[in-house]
Amino acid sequence: MTKKTSYRLMQGNEAVAEGALAAGVSFFAGYPITPSTEIAEILADRLPENGGKFIQMEDEIGSIAAIIGASIGGCKTLTATSGPGFSLMQENLGFACLAEIPLVIVNVMRTGPSTGLATSPSQGDVMQARWGTHGDHPIIALTPSSVEEAFHYTIKAVNFAEKYRNPVIVLMDEVIGHMRARVSLPPQSMIEQINRVQPNMPHEWYLPYERSATGVAPMASFGDGYRYHITGLIHDAKGFPTANPNEARDNIRGLFTKIERGFREICLVDYECMDDAEHAIVAYGSMVLSARSAIEQLRESGIKIGMIKLGTLWPFPRFALERFLPQLKTILVPELNMGQIYREVLRVNAGKAVIEKLNRVNGTIIAPDEIVKTVKGMVR
Amino acid sequence: MISNSQLVNKYFRHSKKFPHIWCPGCGIGIILGNMLRSIDALAIDKNDIAFVSGIGCTGRAPVYVDFNTLHTTHGRALPFATGLKLARPELNVIVATGDGDATAIGGNHLIHACRRNIDITTIIFNNYIYGMTGGQYSPTTPHGDKAYTCKLGNIERPFNISALVEAAGATFVGRTTSYHTLQMQNIIKKAIRHKGFSVVEIITHCPTTYGRLNRKGGAVEMLKWQKEVAIDKSRAEKMSPTELEGRIITGVLIEKELPEFCEQYDSIIEQAQNQTKGKLK
Chain Y
1 MTKKTSYRLM QGNEAVAEGA LAAGVSFFAG YPITPSTEIA EILADRLPEN
51 GGKFIQMEDE IGSIAAIIGA SIGGCKTLTA TSGPGFSLMQ ENLGFACLAE
101 IPLVIVNVMR TGPSTGLATS PSQGDVMQAR WGTHGDHPII ALTPSSVEEA
151 FHYTIKAVNF AEKYRNPVIV LMDEVIGHMR ARVSLPPQSM IEQINRVQPN
201 MPHEWYLPYE RSATGVAPMA SFGDGYRYHI TGLIHDAKGF PTANPNEARD
251 NIRGLFTKIE RGFREICLVD YECMDDAEHA IVAYGSMVLS ARSAIEQLRE
301 SGIKIGMIKL GTLWPFPRFA LERFLPQLKT ILVPELNMGQ IYREVLRVNA
351 GKAVIEKLNR VNGTIIAPDE IVKTVKGMVR
Chain D
1 MISNSQLVNK YFRHSKKFPH IWCPGCGIGI ILGNMLRSID ALAIDKNDIA
51 FVSGIGCTGR APVYVDFNTL HTTHGRALPF ATGLKLARPE LNVIVATGDG
101 DATAIGGNHL IHACRRNIDI TTIIFNNYIY GMTGGQYSPT TPHGDKAYTC
151 KLGNIERPFN ISALVEAAGA TFVGRTTSYH TLQMQNIIKK AIRHKGFSVV
201 EIITHCPTTY GRLNRKGGAV EMLKWQKEVA IDKSRAEKMS PTELEGRIIT
251 GVLIEKELPE FCEQYDSIIE QAQNQTKGKL K
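If you're matching them up, the sequences are chains Y and D in order.
Heads up: the first sequence begins at 1 in this note's numbering, then just goes up one per residue.
Heads up: the second sequence begins at 1 in this note's numbering, then just goes up one per residue.
Hints were generated in silico from the structure; no laboratory data involved.
Fair warning: there could be bad hints in the mix.
[As the list claims (entries may be wrong)] List time: in silico DSBU-like cross-link candidates among lysine-lysine, alpha-carbon distance up to 35 angstroms:
1. Y/Lys163 - D/Lys17
2. D/Lys190 - D/Lys279
3. D/Lys16 - Y/Lys238
[Unchecked claim] One-sided excerpt, in silico: chain D residues whose CB lies under 7 angstroms from chain Y:
4. Arg76
5. Leu86
6. Arg88
7. Ile269
C-beta atoms are modelled at their ideal positions from N, C-alpha and C, and glycine is treated no differently.
Turn these sequences into a full structure, and let the hints guide you.
In structure tokens:
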């Protein structure tokens, strides 16, 4: 955290840790797991230097539980993990969704299932991020495609968590996590920090789950004089358990409404070479790097192709595709999984363009040449 | 001492729709009531108490009382409480958990919280059974006793919770029963005052499932049984192992001072900040 823009060579995991600090995260709980461990190691050093706290828990179940507890105490919180740990976090991720607790989970994705290929990249947890915890719930998942984005998206993740009182997942593939690049770190004064809205009414008037016009209720910290109840049961505006069908409906629908209202803001998308594009690559994470290089080569050989780069995966930014569908003949979705976002693209497309997937699940990445070859096959 | 009506008026949530969910004769209400009496005797401000629970019959206790209350997931009350305590060290964090919640699904969190010696008071309501789900055997169901998942008798050996948490490093361990209410209040008071991780194991009764299945009679008979088997630590020390067979030793079993986690972390912050200042020079 500096007073003027500084430039540093750092890896994606380091950029996440720097982003967390810049966003005002003051509490981290985690459990060691490859390939995310650097985030924990860096924050174990850096948090206490800044008056924050770090704790290594007994497992990932405890890690997310501890950051929920600290968030209820008023801290901005974050944990970092990878596939197996992310699986263990699903239980309390659901709690945080229903109880509307701001927190960030960084999942540096490795190849699964199970222990899988522990040190190899993957994008296999995209659907798990969406539906991993049981029950209907909204989720926000961001995915950086460069080291610098890892820094900025971590800040955005913390801000979205605070603004929408919802868990936010940063899905980063191992390539970005361990890639080193020069990153420009803006001065702290240029960093936007969003804090959850705190209640300011008298204690007796406070209804912890009464939604304001934004769809989000103000959140009191424990110890601030607003004695209230937080539960993982379906609850009414007071936070008390209810089985009343109308109150249950309001509770669950309210979770979705607040994210729907923020949909446009939450959806981070970029377009590259799309103006005249007849073909597109929909890419996210490290696949953006391969796609970018492939597009350069394909443009040189006269193929009008561009990229729709997804920075947000959930909620799925369908408008980013819909906007270009009328002009597109083919779309390629390269992914380090069996085709998870491909299915979303199919769903949005509804029969307009030809959509192909290009998948890899052997722990290696998809190289630009392979994309070039596939696109040339499609375009013909 | 505070009267019952004063206790109800002062600590129960008027906005919460009663009646509570517990069965007639349940021991949980006795423990909750005495916990409130202990808190009242210590004159702790209600704003300074965070009351955290897991899942099960015991897990429902916080919703009824006027503190900062947090009803978490099954077995996870302690890691939630750990994060909260670190964020708000000035809060008195009290965890209510049942035998299944604390020692089965939450067993790993329990032993690590003991080892860490973080200043949290954990009250374990031990009624030997999973009550909320209708009476399945728990890690404390005695060998040979019946439950709906061991109708021919439990073939597993039970945990001795107090011994378990002592071995795991809890710096305060007390045990009592729901019959011995004055002892309970004293132990809970000491546990809350104790700087470090404290566990109070309270033997209680579930007449609806455990009592019925094992022909222990109703709540009154089960309370009488607690009175008979409990023996104070001071008297137990003079008795032989044979004499102590089938008895439950009560009282403050462990009380020692060791560095507390949050205080130690504060010194880590201080050291880290001094180092950074050094670097800048």
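Hint by hint, here is what the structure shows:
no., hint, verdict
1, Y/Lys163 - D/Lys17, "31 angstroms, holds"
2, D/Lys190 - D/Lys279, "44 angstroms, violated"
3, D/Lys16 - Y/Lys238, "9 angstroms, holds"
4, Arg76, "5 angstroms, holds"
5, Leu86, "5 angstroms, holds"
6, Arg88, "4 angstroms, holds"
7, Ile269, "4 angstroms, holds"
Hint 2 from the earlier list is the only one contradicted by this structure; the remaining hints agree with it.
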